[in-house]
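Colleague: Chains as they are written, first to last, in the numbering used here: chain A, 471 to 864; chain B, 701 to 843.
Don't take every hint at face value.
[To be verified] Only some residues are given here: those of chain B computed to face chain A with a beta carbon under 8 Å:
hint, residue
1, F710
2, N712
3, A731
4, K732
5, C733
6, G734
7, G758
8, C759
9, G760
10, V763
Treat the hints as calculated values from the structure; they're not laboratory data.
Where a beta carbon is used, it is the ideal one built from N, C-alpha and C, also for glycine.
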Amino acid sequence: MDKKLIYLDNAATTAILPEVLDKMMPYLTEYYGNPSSVYGLAGVSKEAIDKSRKTIADFIGAKENEIYFTAGGSESDNWAIKSAALAKKAKGKHIITTKIEHHAVLHTCEFLEKNGYEVSYIDVDEDGVVKLDELKKAIRPDTILISVMFANNEIGTIQPIKEIGQIAKENGILFHTDAVQAFGHLRINVDELNIDMLSASGHKFHGPKGTGIMYIRNSVKLEPLIHGGAQERKRRAGTHNVPGIVGMGAAIELADKNLEANAEKEIAIRDHLIERVMKEIPHVKLNGHKTNRLPNNANFSFSFIEGESMLMMLDAKGICCSSGSACTSGSLDPSHVLLAIGLPHEIAHGSLRVSMSEETTMEDIDYLVDNLKAIVERLRSMSPLYDDFVKKNS
Amino acid sequence: MYSEKVMDHFTNPRNVGEIENASGVGTVGNAKCGDIMRIYLDIDENQIIKDCKFKTFGCGAAVATSSMATEMVKGKSVEEALKLTNVAVMEALDGLPPVKVHCSLLAEEAVHAALWDYAQKNNIVIEGLEPPKADISEEEIDE
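With the sequences and hints as input, model every part of the structure.
Modeller: Below you can see the structure in the form of structure tokens.
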């Protein structure tokens, strides 16, 4: 494809960095041994896994034996919630989560509801921040788990994880956080933040797809989700995805080294984008917290137009973004996150998420905004809603 | 996910705009669900559709089906336009993904709604034409 490509959908997935791929390649070729075997070839794979595990453990201030490798963020979320529910069922069957979680959490909770558990879904404010007073009020003697995402995948809002961790700790409740969007992008220390379980996904920080991380505090005893062999200290069966695990470790090494520099650069670009869009395009709203948001996330709603049309027109210009419109969610309803922050349906349909990487440049953003202005104007010129609005206000 | 024809009608939609003092205007869909189509018809004294324009709020398929529907009724008699089905619109576009079939239904309904408006305004009965089913929601669109 020689067409210009500006990739601004890094919350969906990221490109594997060349340095990461280089480190993976030997494990896709010559070092193919199963790390659970005894001979020398297998030993190379085992060492590589141990090294990744240490890198990741150090990155979040955990012990090596608290890091488990999974096949992705969804698996980690499922494991944390289902196994915590099982482990604590003698104490109670009540779980607290929020209305803006990823479906890997929400649908797991719904599954548990069908199986005799009760779930409280806590509201967020208009910036997408979890209402702590509501969370506290929701706690009951039979509450066994609180699961709140670290940062939202659509609107980027960062949650008060430390406070939530503290509340959970004070009440003797397990605390799980889905950190898929934050991991590798924000500093996380599981002890300082009182996190008992954490989910992460390799392909969100320039690692390979099909790789995931689960942190489980040593004091928390969880049954496996995947039963079988003795891998991962008998808690997650299945032959290790050695190249994937190596890639994740390499990606975290880079993320750790460059985290502050990347964040600073991304924030400058993000704020430039927000400033230009808010200033140059009328009838637009910024979704999510203005400053307390992921460094690489911006999310807007443009009134009178629909998201998929916007994405298709951006794609024609070589720009990749995403939207929370119904058409992109595969249902008639727009994103549950946008509805939870109080957007009316028709405004939620016109949302656009821009998620950058450290490779994104100011020029990329200017190219996006220049095109976006024309696209929004064009779609509004075709929109009966805009017609009605203009006529009503003229 | 879309056929070349859908992409063509989305990228270069035919007959976008409005007709002043149109013989009939039909608006269907619901902003809540993310699709609103408005079709304008200019119908002469022989009940021939001389011109047809549209405005649409919606996804790629909604725009493409509106565009194709206006192309298909232009120059047709009122009776012929009434026979336009969503299946015909879809076939003309070389198909739609299953989740987008409702867009073609909306296009058919928009044409019918515009014809209904024309019939009401002129106090005529068009055989086989029923009042529009899908009413636009009355919710205010605020900023």
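Colleague: Hint by hint, work out which the structure violates, then give me just those numbers in ascending order.
Modeller: 2
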